[in-house]
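Undergrad: Heads up: the sequence shown runs through residues 1 to 205, numbered per UniProt numbering.
No wet-lab data here; the hints were simulated from the structure.
Among the hints, a few may not be true.
Derived DSS-like pairs (lysine-lysine); straight-line CA-CA distance at most 30 Å [said to hold, decoys possible]: (1) Lys200 x Lys112; (2) Lys149 x Lys112; (3) Lys149 x Lys79; (4) Lys79 x Lys200.
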Amino acid sequence: MTTASPPARARSVRPLIAVLLVCLAPVVFALLAYYMPSLGLRPDSRTRYGQLIEPQRPIPNDLALRDAQGQPYDLNQLKGQWLLISTGPGACPESCVRGLFVLRNSHASQGKEVDRLERVWFITDDAPAAAVVGDAYVGTHVLRADPAKLAAWLAPGAADPAAELAQGLWIVDPLGHLMMRFPDAQQPEAVRDDLRTLLKNSRIG
Numbered sequence: 001m002t003t004a005s006p007p008a009r010a011r012s013v014r015p016l017i018a019v020l021l022v023c024l025a026p027v028v029f030a031l032l033a034y035y036m037p038s039l040g041l042r043p044d045s046r047t048r049y050g051q052l053i054e055p056q057r058p059i060p061n062d063l064a065l066r067d068a069q070g071q072p073y074d075l076n077q078l079k080g081q082w083l084l085i086s087t088g089p090g091a092c093p094e095s096c097v098r099g100l101f102v103l104r105n106s107h108a109s110q111g112k113e114v115d116r117l118e119r120v121w122f123i124t125d126d127a128p129a130a131a132v133v134g135d136a137y138v139g140t141h142v143l144r145a146d147p148a149k150l151a152a153w154l155a156p157g158a159a160d161p162a163a164e165l166a167q168g169l170w171i172v173d174p175l176g177h178l179m180m181r182f183p184d185a186q187q188p189e190a191v192r193d194d195l196r197t198l199l200k201n202s203r204i205g
């Protein structure tokens, strides 16, 4: 007479659940830190110079942009890339040239990450674009914008929107969110280093 084998014990799924939670934890933490800054999960030393924009502002649909040929241009078509933004009148005085210089050098200094970036210069008047832009800043997207609509996006509530546009530099993330502002172009090394930190810590774009 044979003795019946005892029924096999059901395997516990707890170890599998534990492994999944451990694998998902970094992703969840990163998403919370990025999209919910109020939780305080972002490190204080994330930037040296740039000012995080909170809440982040998506690219408006009514910027009424025009490219160099005068054709309508949708900035959303650059989604997927980090955008480095400068603004200025077509004549591009010294402050404008300096901003473009900082953007170009910050871009070029990112090494293997350089392909994740695009540079954009918004012209804020009807004057022709200065020749220096075409000659020295090849690769920059030159777009003509309505200054009032541009200021409503880049500098809402500013006491002097024109001065704000003339001095500032901005970063848009690959999801199309305006997320950082630099007050001016007086510290190019700090702009470069902040950008490097963003690219190092981000897996988007």
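Undergrad: For every hint, state whether the structure bears it out.
TA: Hints, verified against the model:
1. Using a Cα cut-off of 30 Å, the hinted pair Lys200 and Lys112 holds, with the two alpha carbons roughly 11 Å apart.
2. In summary, the hint linking Lys149 to Lys112 is not supported, as the alpha carbons are separated by about 35 Å, beyond the 30 Å threshold.
3. Distance check on the hinted pair: Lys149 and Lys79 sit about 20 Å apart at the alpha-carbon level, within 30 Å; holds.
4. Between the alpha carbons of Lys79 and Lys200 the distance comes to roughly 19 Å, so the proposed pair stays at or under 30 Å and holds.
This entry does not satisfy hint 2, going by the numbered hints stated previously; all others are met.
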